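S.K.: Order-wise, the sequence lines are chains P and H. According to the working numbering, the stretch in the first sequence is residues 4 to 115, in order. According to the working numbering, the stretch in the second sequence is residues 10 to 119, in order.
In short, the hints are calculated from the structure, not lab data. Just so you know, these numbers come straight off a predicted model, no measurement behind them. The beta-carbon is built from N, C-alpha and C at its ideal position, and this holds for glycine as well. Don't take each hint at face value.
Said to hold, decoys possible - Among the chain H residues that face chain P by a calculated CB cut under 10 Å, a handful are:
no.: 1; residue: L41
no.: 2; residue: Q42
no.: 3; residue: F44
no.: 4; residue: G50
no.: 5; residue: N54
no.: 6; residue: Y57
no.: 7; residue: A103
no.: 8; residue: N105
no.: 9; residue: G110
To be verified - List time: in silico DSBU-like cross-link candidates among lysine-lysine, alpha-carbon distance up to 35 Å:
no.: 10; chain 1: P; residue 1: K60; chain 2: P; residue 2: K21
no.: 11; chain 1: H; residue 1: K106; chain 2: P; residue 2: K72
no.: 12; chain 1: H; residue 1: K63; chain 2: H; residue 2: K106
no.: 13; chain 1: H; residue 1: K106; chain 2: P; residue 2: K74
no.: 14; chain 1: P; residue 1: K68; chain 2: H; residue 2: K63
no.: 15; chain 1: P; residue 1: K60; chain 2: H; residue 2: K106
To be verified - Label pairs and their computed distance ranges (CB to CB):
no.: 16; chain 1: H; residue 1: T75; chain 2: P; residue 2: G43; range: 30 to 36 Å
no.: 17; chain 1: H; residue 1: W49; chain 2: P; residue 2: G102; range: 38 to 44 Å
no.: 18; chain 1: H; residue 1: V73; chain 2: P; residue 2: E82; range: 43 to 49 Å
no.: 19; chain 1: P; residue 1: V55; chain 2: H; residue 2: N54; range: 21 to 27 Å
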Amino acid sequence: EAQVTQNPRYLITVTGKKLTVTCSQNMNHEYMSWYRQDPGLGLRQIYYSMNVEVTDKGDVPEGYKVSRKEKRNFPLILESPSPNQTSLYFCASSSLGLGGYTFGSGTRLTVV
Amino acid sequence: GIQVEQSPPDLILQEGANSTLRCNFSDSVNNLQWFHQNPWGQLINLFYIPSGTKQNGRLSATTVATERYSLLYISSSQTTDSGVYFCAVLYGGATNKLIFGTGTLLAVQP
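Modelling step: build the complete structure from the supplied sequences, incorporating the hints.
M.R.: Quick look at the structure:
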């Protein structure tokens with residue numbers, strides 16, 4: 004089944020403790036992206052990647068890092084999480100120029 | 010930048026009723042998708058529909074790109090249709106970014 008897999012689904016952590024949210028897709032898509040969703044602010048893009056080793060900032064990149072060492076994986080790294088990063092996070096992938104986006108199931112992160 | 014507006018913002022239906030959700034966008038787009046966000050927060054892809062009409066069971070969608078709007082039709086609604094419906098457009102540019110509409114919150118009552 005074609006899908007985007009995110010882990011974990013739920014995470015509660017403390018301020019300053021580094022964490023990684025994993026994202027993997029099995030559709031051989033070139034493009035991958037991270038979004039966060041907050042009440043009243045909608046979905047905002049954090050980072051995106053056009054292909055392996057090609058990443059760039061989205062609208063709200065502060066406090067986040069990403070890497071794209073393999074085509075299928077696009078982890079989101081929070082080096083020093085803060086409470087304002089409490090949010091619902093989505094990973095997505097697409098084939099550039101063809102078809103639509105496929106989203107992962109989401110990761111609900113709480114930073115206390 | 011491009012504006013994506015959805016209407017109505019909220020909708021309450023009785024089970025079995027039909028509804029039409031609208032998405033207006035302010036500029037030409039390369040792609041348009043409809044998503045359903047269920048009460049558990051998952052974003053479910055309903056339609057990839059840059060133009061034309063598609064149907065999937067009780068749901069159908071129509072996009073008139075030249076007039077910059079899209080419609081999502083839900084027929085014989087069920088309680089499991091509850092949630093937020095988003096349209097999202099792929100705006101021209103190097104980032105390939107999806108821009109989401111404001112959403113329609115649908116509640117289907119038994």
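S.K.: A separate judgement is required for each hint: does it hold in the structure or not?
M.R.: Each hint, compared with the structure:
1. L41: With a closest approach of 9 Å, the L41(H) hint holds.
2. Q42: Result: holds, 5 Å to nearest chain P Cβ.
3. F44: holds (7 Å)
4. G50: Given a least distance of 5 Å, the restraint on G50(H) holds.
5. N54: holds (6 Å)
6. Y57: holds (3 Å)
7. A103: holds (9 Å)
8. N105: holds (6 Å)
9. G110: At about 8 Å, which falls below the 10 Å cut-off, the nearest Cβ of chain P leaves the hint on G110(H) intact, so it holds.
10. K60(P) with K21(P): holds (20 Å)
11. K106(H) with K72(P): holds (21 Å)
12. K63(H) with K106(H): Holds, at about 23 Å.
13. K106(H) with K74(P): Holds - the C-alpha atoms of K74(P) and K106(H) are around 18 Å apart, at most 35 Å.
14. K68(P) with K63(H): violated (38 Å)
15. K60(P) with K106(H): Roughly 11 Å between the alpha carbons, so the hint for K60(P) and K106(H) holds.
16. T75(H) with G43(P): 30 to 36 Å: holds (33 Å)
17. W49(H) with G102(P): 38 to 44 Å: violated (25 Å)
18. V73(H) with E82(P): 43 to 49 Å: Because 46 Å falls inside the window, the suggested range holds.
19. V55(P) with N54(H): 21 to 27 Å: The hint (21 to 27 Å, Cβ to Cβ) holds, given that V55(P) and N54(H) are roughly 25 Å apart.
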